[in-house]
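Participant: If you want the building blocks of each chain, they are given just below.
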Amino acid sequence: MKLTLKVWRQKNSKAKGELESYQVEASEHMSFLEMMDVLNEQLIAEKKSPIAFDHDCREGICGSCSMTINGSPHGPQTGTTTCQLHMRKFKDGDTIVVEPWRSKVFPVIKDLTVDRSAFDRIIQSGGYISVNTGQAPDGNAIPIEKDLASNAFDAAACIGCGACVAACPNGSAMLFTAAKVSHLNQLPQGEVEKTRRTASMVAQMDKEGFGMCSNVGACEAECPKEISIEHIARMNRDYVASIFGGRKS
Amino acid sequence: MDLTDETFEYTISIPIYMSWITNFFSSSIGRKVIMSLTGLFLITFLIVHLIGNLQLIAGDGGEAFNQYAYFMTTNPLIKFVSIGLYTMILLHAILGFVIYFKNKSAKGGKPTAKNRADVKWASKNMALLGTLILFFLIVHMGDFWFKMKFTDTIPLVTYEGWEPIKNLYHQVTMTFDNPLFVGTYVFSMVVLGFHLWHGFGSGFQTLGLNHGKYNGIIDGIGKFLAVILPIGYAIIPLYYYFVMR
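Residue numbers (the working numbering), protein chains in the order written: chain A, 328 to 576; chain B, 24 to 268.
Among these hints, one or two may not hold up.
Unchecked claim - Label-pair distances were calculated between CB atoms; the ranges are: (1) B:238 <-> A:473: 42 to 50 Å; (2) A:368 <-> B:244: 51 to 59 Å; (3) B:124 <-> A:520: 30 to 38 Å; (4) A:473 <-> B:244: 26 to 34 Å; (5) A:534 <-> B:247: 20 to 28 Å.
In short, the hints are calculated from the structure, not lab data.
Only a predicted model underlies this, so the values are computations on that prediction, with no experimental measurement involved.
We put the beta carbon where it would ideally sit given N, CA and C, even for glycine.
Produce the entire structure from the sequences given, and follow the hints as far as they go.
Facilitator: This is how it looks when you write it as structure tokens:
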């Protein structure tokens, strides 16, 4: 299949980027990233600079492959990352627009690669449980109700890709932060630090400069792990409780 | 730690109870919680205001409405509640603008391509809808509230057993004689409908009241109010212009 690609090219974070057009011949069995590889081979053969894009596991669990394809983070297919998107989703002769995540908090490093370290700092501010590491404890040592475990697991499925921020018209990171907060706060191991964690992670999220949630729902529609905004409601509850029920300062 | 005079000054100049309160008001979730609480309060006002205003089409020449308007402008309890109402409107409007500009700056560049279509137009344009409602409120309060409270332009009327009271009903009929005002009012009610269509449910979600068992009911009530309240309000100018004239 013959495709026209309009790809965002930007030399560095300070440069002004623009869309550039390329012709590429791909097979419908290729993944989107493999098609990008073909295009890069082509660019290298023409002695042009290849397109920089993040990728790692290519099986939908690392959260690296951040691309806005035709305006949708990770492309037109729901519940998948870019590496899981196959070219059979497109038609011969299609024009595809590929852009980086758009958020002021995720500055473009080069082409389609953005700096998502703000997410790391949110995790560092409370996305963990304080236990001494040692041998892995027995999986069934602490009984946890199935519904609770499932709900926490749904939140834990977040791969921190940033599609929620890219999809949100407000550039809000509430779905990401909520997924992490909701995952840990619901389980007995994480519940003990619930108050401090929620307050701290929300404070860090605000400090990074992310926007505020207006319950538009674009994030859950674009999330490759289909994480529900129900977790945002839980985070809001826990946040209000942490402020009004937490310690004095 | 080196405790200089400066640090000492700092620690005693800020009372300890301020920290968590200011924290809450300056946080993203805190602001959104205030947006939803004020918004939901304003919806209760819309319901009460509509019930009162429907007396305008009672067909009694405005007697019930004028007596109601007299009560609403003179009762001390209502006066007290109205201060709360003005505060809520201002908080909701000012915070709305703050959130809009903060969100706009957080987004940075816009994608050149369009986002997935399953996002409702109203949900993305609450700030625009809210600004239009604010303009309407200024026009509306200038028409009635300001004239009623601060001017003598409204003629007096006397009912049996009453001192002469202001004939606000007359002012309403005068205003809705003008098709421009009728148009503005009806358009603004459509805008209000879209604002409520998203706002009611969104308010509950922000407050953390999201539960599989109740989401459908909340959504249903929100959409019912988003349709019924604007229709109820829009009936009044339309009735005056097309039926009473």
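Participant: CB of residue 534 (chain A) to CB of residue 247 (chain B), is that within 20 to 28 Å?
Facilitator: 40 Å, violated
Participant: With 30 to 38 Å as the target window, see if residue 124 (chain B) and residue 520 (chain A) comply at their CB atoms.
Facilitator: 34 Å, holds
Participant: For the pair residue 473 (chain A) and residue 244 (chain B), does the Cβ-Cβ distance stay inside 26 to 34 Å?
Facilitator: Holds: the Cβ-Cβ distance is about 32 Å, inside 26 to 34 Å.
Participant: Take a look at whether the Cβ-Cβ distance between residue 368 (chain A) and residue 244 (chain B) falls inside 51 to 59 Å.
Facilitator: Check passed, 57 Å falls within 51 to 59 Å.
Participant: If you check the beta carbons of residue 238 (chain B) and residue 473 (chain A), does the distance land in 42 to 50 Å?
Facilitator: 22 Å, violated
When each numbered hint is compared with the structure, violations occur for hints 1, 5.
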